[in-house]
Structures are given as structure tokens and as C-alpha cells.
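There are 2 protein chains.
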Amino acid sequence: MNSSEAKVTLAVDAMGSDRGAAEVVAGVSIALDVSPRGTKFLLFGKDEILQNHISKFENLQNGQVEVRHAPEVVEMDEKPIAGIKGKKNSSMALALKSVKDQEAQALLSCGNTGCLMAGSTIRLRTLEGVERPALCTIWPGRERYFTLLDAGANPHAKPYHIAQNAILGSNYARVALGLVRPKIGLLTIGTEEGKGNEMINETHSMLKEIDGSIINYSGLIEGFQIFENAVDVVVCDGFVGNIVLKACESLSKLISSFLDEELRRNALRKTGALLSKGAFKSLKQRINPEQFGGAPLLGLTQNVIKAHGSSNRNHISGAVKIALDLVQHDMLAQMAIDISEANEIFRPELFPEASAKSTE
Amino acid sequence: MNSSEAKVTLAVDAMGSDRGAAEVVAGVSIALDVSPRGTKFLLFGKDEILQNHISKFENLQNGQVEVRHAPEVVEMDEKPIAGIKGKKNSSMALALKSVKDQEAQALLSCGNTGCLMAGSTIRLRTLEGVERPALCTIWPGRERYFTLLDAGANPHAKPYHIAQNAILGSNYARVALGLVRPKIGLLTIGTEEGKGNEMINETHSMLKEIDGSIINYSGLIEGFQIFENAVDVVVCDGFVGNIVLKACESLSKLISSFLDEELRRNALRKTGALLSKGAFKSLKQRINPEQFGGAPLLGLTQNVIKAHGSSNRNHISGAVKIALDLVQHDMLAQMAIDISEANEIFRPELFPEASAKSTE
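Residue numbers (the working numbering), protein chains in the order written: chain D, 412 to 771; chain A, 412 to 771.
Since the hints were derived computationally from the structure, they do not count as laboratory data. Do not rely on the hints blindly, as some may be mistaken.
Pairs involving identical chains hold if they fit within one copy or between any two copies, as the list cannot separate such chains.
Straight-line alpha carbon distances no greater than 25 Å define the calculated PhoX-like cross-link-like pairs of lysine-lysine that follow [as the list claims (entries may be wrong)]:
1. Lys-490 / Lys-569
2. Lys-496 / Lys-606
3. Lys-451 / Lys-508
4. Lys-681 / Lys-594
5. Lys-664 / Lys-681
6. Lys-606 / Lys-619
7. Lys-490 / Lys-606
8. Lys-508 / Lys-418
9. Lys-569 / Lys-692
Let the hints inform the model, and build the full structure from the sequences given.
Right, here's the structure in full:
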């Protein structure tokens, strides 16, 4: 290798997008132009379909893109385990295999989230000392973007899962948001100690133990503080995170459509809307930023990025960029070190019986 | 009493609003004009201050409004129990006492939420068979408004608390939203049975037991469905409900201020915004409806309505209307019947040991 930069290969599950494989291929084409030289893309899906889409983009025909035929597709309504175990020749399963075999250093998919989470956990395994992966999403805040995890990978979280999520999210925020010491907050319903539930209290204690050395913990935060950029990484269990994420996504769509309806209500408003249409376009981009089109599944031995099923080509391109960044910055290496150090500190809480014995 | 309509007396804690007592008094003035004849208002607060504000509104001087002097005020940062027990002569405590003594049939306050919840529970007690009250909020949906509870009164909820909330919310939605058989949904992260956590599964079973007879249960719903009006009453525990409520309120403010910023960015956009300003005003009213300015604390022996600390006079007036409606419709009577019937059905789950004995 001549270059000082490691050459990255990205496995792309090109099927399973709501907008079809054409949109995924178009996204890869946009991303390719801004990717480091030597980046390779393995596109998994039906050969004929993908070749047809690829033929429409000149830059996809310079040898950087390779199609890997996958005769099956994991559908959106399939159950997690059944979808991934039952369809060993699906684009998702084969893309996962290429990452497992270290042919590719990262995987991008906009397919079935449940199947991708189950498949990644089964096929790629979690980092040593991590029991459950977490889905990490990027949100718009008043002054800057912030991350929230877990957005639904682990709805049965224990305190140490949530405490580990702080480490996972902190490492991700360093790369994706370019922060040196991301501020972490634990999402709860009142910021006085002891006001939340038992799980919050235990997690809060664990986070304080690793504050300063491994993470930069700001403490408890309430729901209204997240959009005010009180912190850079919001941690919560997957049950709360998924509900908040989906409610907020849905509210944001509702407000957009109310605004749209109101602006069309009469000729005067329509004229006004035409003059200020730039404002509505900018608003949309601020609320749903295309550069953050992907959400990583953190805590695995490999980089796995989930793009929204309804991603457009710009979102896909944003997701590709995030995937490449994670590899280039070797996020996983630092994450593994941090998890290992934290587990040394957490051990008494994780194994209360063993600890009681050792101090006898 | 000559009228066929019962004459209602409403106790108003006039202190503790972020906008001051003047705004509360102005709200009462607006409400009075549209209230049933004979409605009485007891305003609790500092005599001099309240008399001064009242003197500015002609309709408040016709004998329907009475000031009750309260030398103390519960501040926003006071702890629940300390605030209510330590200040027996506060406007909140004295207003609660007037409801307890049945001098008034409902209480309205925009003061400290924690103190109001603690004070109401201690002073007024819960309905027979109800262990914990729930805070019920009204939200804007795509086609119509819906309710969500618990918005934070009980963050340590057990399945039967959440199941009871369905009954409380259903009775409230009948009066506040004018629905005959409000549809109930249990908020979770996947609508397949067994996908949520243990609490969801247990609550779901209990709700199915009373479906048809006592409530109209639609089943599990996800975060993105609430704004789509999948149901009329969303039930969840107070921890999730409070986080979702505060996150959504905050997101809604964020979007407003992004829109505002974008519309002011250049002269063209400013001109457009001026022409379509009616649209932005309507949008605001749809997102933050003034007619639903109050959130009831349900499950108590009396009607208690919490208005937002930042309520303007129209929100206060809306909250007064809701309070009077609850009394006029005698919501509490039907609620008590429904709770009692449901508890007969739930009993085995509530008291598994007693039930095991009785079937021996």
C-alpha cells in the first residue's frame, strides 16, 4: 500500500430500501466522489438490478464498485432471527458475512432494523465485555447536533448496559461530531438525585465512577434539555429511546404538514410561502440533516451502520461518509480500550457476589 | 336552587404562575363570561395583590368572585412534601383545603407541579381502589386531539397502575374531547405481542381483560403512531410519559425558533413571512391549543387541574372551562364506578396470593 491512509472497503446491502436499490446506488455514486482514493464498495443484491443501476453512473464504473449477487432479500416485515437465519443468501446476510470475513471493514444497510441488529449481534458478535449493542442516532439541537442512544436495540437494559452506552456514544460522538470530550447526560424525569427510578439511580452511580477518566459525565438531564444541547450524548434505555425517537420524528412530520396546510389555505399565504420558500427548505435540512443519514449499531466488533428505510440518495451518501470515518478514525480500537478499562472499575457492580468474596 | 344545572364553585390558586397573578385573574375574567350562570370563583392568594388585579375587570365585581387571603406562596423550586406541609397558609394549601371541605368542587393551579401532586394526594386522597394519581395531558394529532397519561405523576408505575390509567384517561377523554368510546392504546416499542418489556406485557393482558366492558382497548401502539391519531388515549408509565412530553414540547419550540430564524434571514423571506403570517399564527394555535390549557390530575376524589406555569390568560380560561366541564359532567362518579368494576376483574392479578387461596 503506497498511501499512508488505509484503504477502506465498505459492504453495502443495496436492497431493502423503501425507495428501491436505485436510490442506494445513486447515494453510493455521490459518496464515491468525496471518498478517500482507493475506497472500495461491495454492493450486495440482485446482480441484474444492481448492474443496471450502476450503468447509469460513470463514476461507478472505474473499478471501485463490485456487485456481489444475493438472490434473496430480507423483507421489512420479517422477524429478526427468522429473517437473518432463514435467508442465508440475502443481501443482508451476505454483506454481514463479508464484514465477518474481514473482506470489508464496515457494513451499511437500510433494510429491516430488527434483522440487521439480530444478524450483526449473531454474526459479528459484541466487543469483549459488551453484552448488548446500542443503536445511536444523531439529532438536531438548538446550537449543534447531539447523539442519543440506545434508540431501541436493547429494550431490556440493565444499568451497566446503559453505563456502557455512555462509553460507546462518547466514542461515536468524537468521530461523527468531531468533539474532543463529548458531554454525557443520563435521561430521566427530574435532575435531583434519587428522583428517577431505581435503574436511573444505579446507572447514575456507575457513570460517576468512570467520569473524568473514561467519559465526561454531566449528570442527569430531563426531556426538555436534550434539544437545548445540555449535553452531546444522551443515554437512556432502548425502550425510552425508541419511543422518544419515534414520537419526535412523528411530531416533526406533523408540524411540517400543519405548516404546509396553513401556507396553502389562501392566495395571500401561498404568495408569501413562495417568496420565503428558501426558509422552509433550510428548516427541513436543519431538522433532518442529510449528512447524518446513518445510525451506527455500537458495541460490535465491526462497524455497522443503519440508514433509515426511507433515506434518499443524500442520506445514503451521508451514511457512507460516516461509515468510512469510523474506519479511518479506528473508532473500534479506542472503544474496546475504554470498555475494558470501565469494566475493571464496574466489576464490583457487575459481579456483586464475586466482589463480596474477594474482599473477605 | 332554581336552575336545573348544579352551581359550581371553582377554587383557583392564583399565585405561582410564571406570568404573575395578573395573568391568572385575566384568565378568570375571560372564562367567567362563558361560564354557566351562578358559577363561583374563589381566588386564593395575597389579598391586596388580587383585589388590585380584580378591580381592573368589571365582570369580576358582580359577586361571582371572592378573594381568600393566603399569606404564603409555594415557590417553583420547593420539594413536593416540604412545600405543601411546610406552608399551610400558602395559596395552594388553602385552595386544596377548600376543595377538601367541599366548599369548591374543583381546583385549578399553575403552581409547582410536584407540590400540587403531593398535596392533592395527601389532602384529597385517591379514589377507592386507586393507588396513584396520573397527570393527563392533551396533545395535537393530525386529525384531532388526543390524551396521554401518565405525564409524570407516577414514575414507579406497576402494571395495574397503568391499566387503571386507561380507565381514568378514558373517562377524561369522554368529557374533554367529547368522545363516546375513546380508543385506548398502550405505548411500547413494537406492536407484536411480547416485543416490549415485562411491564408492557402484563399491562397489555390486564387491558385486554377489561376491553369491551369498561374500556375500548385498541392494543399496543408505537411512538410514531400517537400523532397519527391511532388512538384517543395513550397510556404509559410516568417515567416514559414525562420524558416524551418534555422532549416533544421542547422539539416543538426548537422547530418554531428554527422557522423564525430562517424567515428572518433575508429581505425576501421577511416579506414572504409577512404575507403568510396568518399561517404561522394558526400553526402555533394548532400545536399549543389554548382551549386545553389545563391537565387534570386523575384518580383523586376531587377534580384537580394543573395549568402550565407559563400559561397565558387564554390558556387559563381554557383550563377553567375544562375544570367546570368535569364537574358538570360528574366525571368522578363514572370514574369511580369503572374503577370499582375493573378492580373486581383485576383482583386476581392485584392479589395473587389471596386469589390462590380463594380458589382452593
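Checked hints:
For the identical chains of this complex, Lys-490 and Lys-569 are intra-copy neighbours only, at 24 Å inside a copy versus 29 Å across copies, given an alpha-carbon limit of 25 Å. When the C-alpha separation of Lys-496 and Lys-606 is checked against a cutoff of 25 Å, the pair qualifies only between copies, where the shortest distance is 19 Å, while the shortest distance within a copy is 43 Å. Taking identical chains as interchangeable, the C-alpha atoms of Lys-451 and Lys-508 lie at most 25 Å apart only when both belong to the same chain, with a minimum of 16 Å there against 74 Å between chains. For the homomeric pair Lys-681 and Lys-594, neither the shortest alpha-carbon distance inside one copy (43 Å) nor that between copies (37 Å) is at most 25 Å.
Proximity of Lys-664 and Lys-681 under a CA criterion of 25 Å is satisfied in both settings, with 20 Å inside one chain copy and 24 Å between copies. Taking the shortest alpha-carbon separations for Lys-606 and Lys-619, only the intra-copy value of 16 Å comes in at or below 25 Å, while the best inter-copy value is 32 Å. For the identical chains of this complex, Lys-490 and Lys-606 are inter-copy neighbours only, at 11 Å across copies versus 37 Å inside a copy, given an alpha-carbon limit of 25 Å. In this assembly of identical chains, the alpha carbons of Lys-508 and Lys-418 lie at most 25 Å apart only when taken from the same copy (19 Å versus 74 Å across copies).
Neither within a single protomer nor between protomers do Lys-569 and Lys-692 lie at most 25 Å apart by alpha-carbon distance, with minima of 41 Å and 45 Å respectively.
Taken one by one, the earlier hints fail for this structure at numbers 4, 9, listed in ascending order.
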